[in-house]
Structure formats: C-alpha cells, structure tokens
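**Student:** Given chain A's structure and the hints, the job is docking chain B onto it.
The listed protein sequences correspond, in order, to chains A and B. My numbering puts the first sequence at residues 268 to 593. My numbering puts the second sequence at residues 268 to 593.
Rather than coming from a laboratory, the hints here were simulated on the basis of the structure. This one's a predicted model, so the numbers in the text were calculated from it and none came from an experiment. Heads up, the beta-carbon is just placed ideally off N, CA and C, and yes, glycines get one too. Be careful, since some hints might not be right.
[Claimed, not checked] Here are the in silico distance ranges between beta carbons for each label pair:
1) A/Y383 - B/G380: 36 to 46 Å
2) B/D357 - A/T503: 28 to 38 Å
3) A/Y383 - B/L548: 26 to 36 Å
4) B/E544 - A/E567: 18 to 28 Å
5) B/R559 - A/P509: 43 to 53 Å
6) B/Y383 - A/H318: 20 to 30 Å
7) B/F358 - A/R542: 49 to 59 Å
8) A/P509 - B/L548: 12 to 22 Å
9) B/T563 - A/G434: 52 to 62 Å
10) A/R542 - B/R339: 27 to 37 Å
11) B/L548 - A/G294: 29 to 39 Å
12) B/A328 - A/S382: 28 to 38 Å
13) B/N454 - A/T571: 48 to 58 Å
[To be verified] A partial selection of chain A residues facing chain B, derived with a Cβ cut-off under 10 Å:
14) G352
15) D357
16) F358
17) Y362
18) S403
19) A409
20) T411
21) A428
22) R432
23) E524
24) A527
25) A530
Number of protein chains: 2
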Amino acid sequence: MHVLITGAAGMIGRKLTERLIIDRALGDHLIEKLTLLDVVAPVRPAGFSDHVKTRAADLAAAGVADKAISERPEVIFHLAGVVSGEAELDFDKGYRVNLDGTRALLEAIRAAGGSYKPKVVFTSSIAVFGAPFPESIPDDFALTPLTSYGTQKAMCELLLADYNRRGILDGIGIRLPTICVRPGKPNKAASGFFSGIIREPLAGQEAILPVADSVRHTHASPRAAVGFLLHAASLTREQLGPRINLAMPGVSCTVGEQIAALARVAGPKVAARIRREPDELVARIVGGWAERIDATRARELGFTAEASFDDIIRAHIEDELGGRVA
Amino acid sequence: MHVLITGAAGMIGRKLTERLIIDRALGDHLIEKLTLLDVVAPVRPAGFSDHVKTRAADLAAAGVADKAISERPEVIFHLAGVVSGEAELDFDKGYRVNLDGTRALLEAIRAAGGSYKPKVVFTSSIAVFGAPFPESIPDDFALTPLTSYGTQKAMCELLLADYNRRGILDGIGIRLPTICVRPGKPNKAASGFFSGIIREPLAGQEAILPVADSVRHTHASPRAAVGFLLHAASLTREQLGPRINLAMPGVSCTVGEQIAALARVAGPKVAARIRREPDELVARIVGGWAERIDATRARELGFTAEASFDDIIRAHIEDELGGRVA
Numbered sequence: 268m269h270v271l272i273t274g275a276a277g278m279i280g281r282k283l284t285e286r287l288i289i290d291r292a293l294g295d296h297l298i299e300k301l302t303l304l305d306v307v308a309p310v311r312p313a314g315f316s317d318h319v320k321t322r323a324a325d326l327a328a329a330g331v332a333d334k335a336i337s338e339r340p341e342v343i344f345h346l347a348g349v350v351s352g353e354a355e356l357d358f359d360k361g362y363r364v365n366l367d368g369t370r371a372l373l374e375a376i377r378a379a380g381g382s383y384k385p386k387v388v389f390t391s392s393i394a395v396f397g398a399p400f401p402e403s404i405p406d407d408f409a410l411t412p413l414t415s416y417g418t419q420k421a422m423c424e425l426l427l428a429d430y431n432r433r434g435i436l437d438g439i440g441i442r443l444p445t446i447c448v449r450p451g452k453p454n455k456a457a458s459g460f461f462s463g464i465i466r467e468p469l470a471g472q473e474a475i476l477p478v479a480d481s482v483r484h485t486h487a488s489p490r491a492a493v494g495f496l497l498h499a500a501s502l503t504r505e506q507l508g509p510r511i512n513l514a515m516p517g518v519s520c521t522v523g524e525q526i527a528a529l530a531r532v533a534g535p536k537v538a539a540r541i542r543r544e545p546d547e548l549v550a551r552i553v554g555g556w557a558e559r560i561d562a563t564r565a566r567e568l569g570f571t572a573e574a575s576f577d578d579i580i581r582a583h584i585e586d587e588l589g590g591r592v593a
Numbered sequence: 268m269h270v271l272i273t274g275a276a277g278m279i280g281r282k283l284t285e286r287l288i289i290d291r292a293l294g295d296h297l298i299e300k301l302t303l304l305d306v307v308a309p310v311r312p313a314g315f316s317d318h319v320k321t322r323a324a325d326l327a328a329a330g331v332a333d334k335a336i337s338e339r340p341e342v343i344f345h346l347a348g349v350v351s352g353e354a355e356l357d358f359d360k361g362y363r364v365n366l367d368g369t370r371a372l373l374e375a376i377r378a379a380g381g382s383y384k385p386k387v388v389f390t391s392s393i394a395v396f397g398a399p400f401p402e403s404i405p406d407d408f409a410l411t412p413l414t415s416y417g418t419q420k421a422m423c424e425l426l427l428a429d430y431n432r433r434g435i436l437d438g439i440g441i442r443l444p445t446i447c448v449r450p451g452k453p454n455k456a457a458s459g460f461f462s463g464i465i466r467e468p469l470a471g472q473e474a475i476l477p478v479a480d481s482v483r484h485t486h487a488s489p490r491a492a493v494g495f496l497l498h499a500a501s502l503t504r505e506q507l508g509p510r511i512n513l514a515m516p517g518v519s520c521t522v523g524e525q526i527a528a529l530a531r532v533a534g535p536k537v538a539a540r541i542r543r544e545p546d547e548l549v550a551r552i553v554g555g556w557a558e559r560i561d562a563t564r565a566r567e568l569g570f571t572a573e574a575s576f577d578d579i580i581r582a583h584i585e586d587e588l589g590g591r592v593a
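Isolated chain A, as found in the complex (with noise of 0.2 Å):
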C-alpha cells in the first residue's frame, strides 16, 4: 500500500509519520511506500530508508497535485493548511493554500479517473463553527465559522462530502478540537496558552495565562490526534454514510480543572508556576469557540479520545517528556 501524507512536516504529520513508520502498517496493509509532502522538505525520519520519500512541494500549484496522485496512493491524509491566525491576516494566501490546495488534490484525483478511488482523510476543524452555540455542539449544527481558517474548512468538508457522494474518493473528514499539549515553543496563537499552561510548567518554567479560569474549551492530545487518523482510514462507505464530515470527541474542560489536573499529575509546585495576566484580546476570541462538542457520531463510530485531562498530560509526559517532570 502506498500512503500520502500532505502538510507531513507539521507537528500532526510528523506525528503520523512517526506512528506509520513503526507500525510500517495501515490497518492490515504492508505500507510498501510512504510519500511525505510538505511546502518546506519533511524531515525524514531517522534509521528508515527507502520506502519513505519526501517532497518539497506546494498542492496549490500548477502540476503538483497531478504529480502526487500520479503515483497513485491508495489513502491520502491530507493534513496541509495554513493555521487560523496565518490565514486570518494573509487572506490569499488562506484561500490559495487551504482551498485551492484541496480542490487541486481532489481534482486531481478526479482526473486520474478509471477505478482510481482512494480513502482522502481531511484534517478539518472546529473552528467550522462559531458563536453563539447551544450548550454543546450536536452533528448537526450549522457551519457559521468566524474566521477564514474556518471558512475553508467548511468549504473543503462540502467540496469533499460532494466528491465522496460521486464516488470519485472514498473521503471523511475529521474536526480535530483544539490540539493539546502540543510540544514545542510557546506560539503566538490565541489557542497557545491551553498547551503553555501545562507544557512550560512541567518543564520548569512559567507560563502565562491570559483568560479567567472559568473558560471551558475541548481539548485531545496529538497522540488521540493520530488515532483519530488512523480510525478515520480504517471505516468504510458504508459506515459513514452521506455525511462524512465528523466533529472529533475530546475532554471538554475549564481552565481550572486543566490547571487541577496538572496539580494531581505533577504537583501543587508545578500548577504554582502558572502566572495570571489577563488579555482582552485573547479573551474575547476564545470566548467564540466551542466549549462542549457532542461527537455522537463519531463516538459510536468507535474514534475515542483521552477520558480526562489528567490522561492528556501524563500523554505529553510520557510522548514528549521521557516520563519525567521538571
């Protein structure tokens, strides 16, 4: 089997990739061939060698999408996007890279034609919808996303919910709730602080939290991430049905039980290294993102994330940290 993965040098692709490389498998399929994509070269991993090819390259332009589905991968995880705050300020670019890049990939595909059908796994978002919400989220709630980030979400799950039903892919779409802990240095993203609240902490330094600790948000690992893509691969047509397009589950909680959770995990000195410094502006736009999602369908279809975020953090300890706490 032959798997693509677009967007492979982001921190979910490199994750992926990490996964599918130990596993060397997808499902019940031998991965023969692994092709990482990326506008900047994936790194290639370590100690593995022929099967993994990377490529530098850009889905929205001329040729690219053609090239990559000339070789004809049989599932397609298509991770590729700018992220919200980049597509916010830099409108072309967000709508060149994050729709026109899948129309081009989709289309592709559909130009390859014959008995050409691959499984297409799309990373979509909950940033699909937007205040004002019920409660919590059901599946069928309406697309009213608040930022272009989530407009072209919105637009690809349609654009590959249409492909699907033609039968030119075999596609679902997952909406991956906010990503947490995610490794690495702070961000600027307005999200940044629910990952800096835990991860700075246990590595010995302070983090800033800029929002009252009421504020409940949703959140899975990348680890639960990665599950999530390798389920999503793993179900057929016929256990999806017309509406392909399935907000993730996750550990709906408020800032204050994350911080109580990283109290139970790590100790009262770690939580202590968390500074309150209140931000309107990061306030305010949190306070339009979901705080409870449903996930009904996605439950029963057998996705499953962390039960607590209690598990969330001893996942980052265990993933990023070697298991140990600074």
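**Tutor:** Just chain B now, with coordinates in the frame of chain A:
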C-alpha cells in the same frame, strides 16, 4: 443608484427586472442605472430606455467580473448560476459557473477596495440541506447537501459570509424554497411537477403527477421570491448580524393539499386535469428534499411568503394568466 443583476435572463431575474423598472427605485433610492448581466443577453424590457444596460458575459471568464464591478454598482443581485440538474450532469460547468463565477465576483469587489462596499444579495437554495432531516429544519441546521448544486450554493454562502465578516461587502444569502408556480413550459427538472400540476390544468392541459399525494414540500411564488430579494437588499449589517445566510419562508403543504387548493381556487374540473403516473426515480429524488423549514429568523427579519397554497395559485393566475383560467 446603480443596480447590477447577474443571471438577469433567468425566470427570477426577469421578474426582478420588471419590478425594478416599474418601481424605478430600490427602497428610498432612485435607480439611475440598471445593468442586466447573463451568459445570454437579457432581453431589453420594452419601452424602457437609457438607464438599462444589458450584457452577455460569463462571470467565471477572465476579466468579466472586474469589468462588471468597475462600474461600482451599489447593489448586486447575484442570481447567476446553472440549475440543479445541469450542475449534476456537468460537474465542471457546475463548479465553474456556480462556485468560480461567484468567487470571481466577490474577488472583483475585494480588488476594487477603497470605500467601495456594495450590498450583495445572493440567491442560495434549500438544496444546501439534505436528508435525513428533523420534521422541520431549524435555522441552525447543518449544511448537508446531496447534490453538487447544493454543495456549490453552500460553499458560496460560506464565502459570502467571510467576505461580509471582513467588511469587504454587505452580504446576504437567501435560501429559496421551490418556486411555484413557475411560468413557461414543463421542464425535466425533478421538481417540475410541483408547478406542472397547477400550471397545466389552469391552462386547460393535462398534467402528470409522478409522486404520491402525501409528498410534502415547501413553496413560494415567483412574486414572493422577488419580494425576498427586495427585502434582502433593504436589511442592514446590524439587523443581520454574522449569520447572513437565511432560509426563506414558504408554504409547506402536501401534493394533495396543492390539488385541493387548485379545486378551491379554479374548480374541480380544473383539478381533474391531473393524471397520476408514479415515477420511482422522481419519488426517490424528491424524498431527499426538505419538507418543512422553520425560517424563524427570516420571518423575524420581515421576510414574507404567501399564507396558503391558494394564494400561490392566485398569484400565478394574476401574474401569468391575466386573471383568467382556461
């Protein structure tokens, strides 16, 4: 004021044009210029002169949208598009005209920049919804189209909302129910019989009914559709808020109720001109369509449709038959 109508040669476009020429104003504003755009040159309404310009051009073709916007129309009724059946049969044409044409128009507005910020009234469709439905579709129901046409309309709604949110234009998308009674000849559209079973008997001809009398659907007259467009143009950003795409009201009734209304309005002899000839394919297609739509927000915002199917029939007799029944 300069008003641009795209898709001006279509049925709704022609009726909107007639109305704007008679009124010579939109709300409190005198219409100094009215531009009618379509892929085929719209017919110049007889007896009206220099303030009406017609143009044959395809919005999705290079430069066309820029040229249309170069004249800075203050209000744009964007009705252009290929219909459901054609978009389903011709994948490329549907996406090119319905999605790319709309995007080209919005991009031309963005490119104009400066203080130019037109009102854009976009005709969407209840085809953005696909079964399974609740008994009546609420305003916050998911976009779940089951046709390429519905997909394209839903994608354009999202695009319009993002351009609106960014302050590039003042947008509103109105989701039209089935327009009934459509004037003119019978056509092959799966929805054609909803109009045919009224129009043909009123004209002294036999009509074929391919579905059961129990089939329920939502209708509004062509006159009501023009009313929706004019009312949409009058609403402000503040009245609309961020959710600018609205399902329009209509009369929800069964085919049996349509026929009973015909007998009431035009007599049992007219209603007897309907021949039942079940068609499995039509029944299956229509089975995926919305039966009832709440349209709560639209009603609150002042959109009105007919109060009964009797009124829809009377509107047809007045507007198309000069008040006479055959």
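**Student:** Which of the listed hints are not met by the structure?
**Tutor:** 4, 5, 6, 9, 10, 14, 15, 18, 23, 24 and 25
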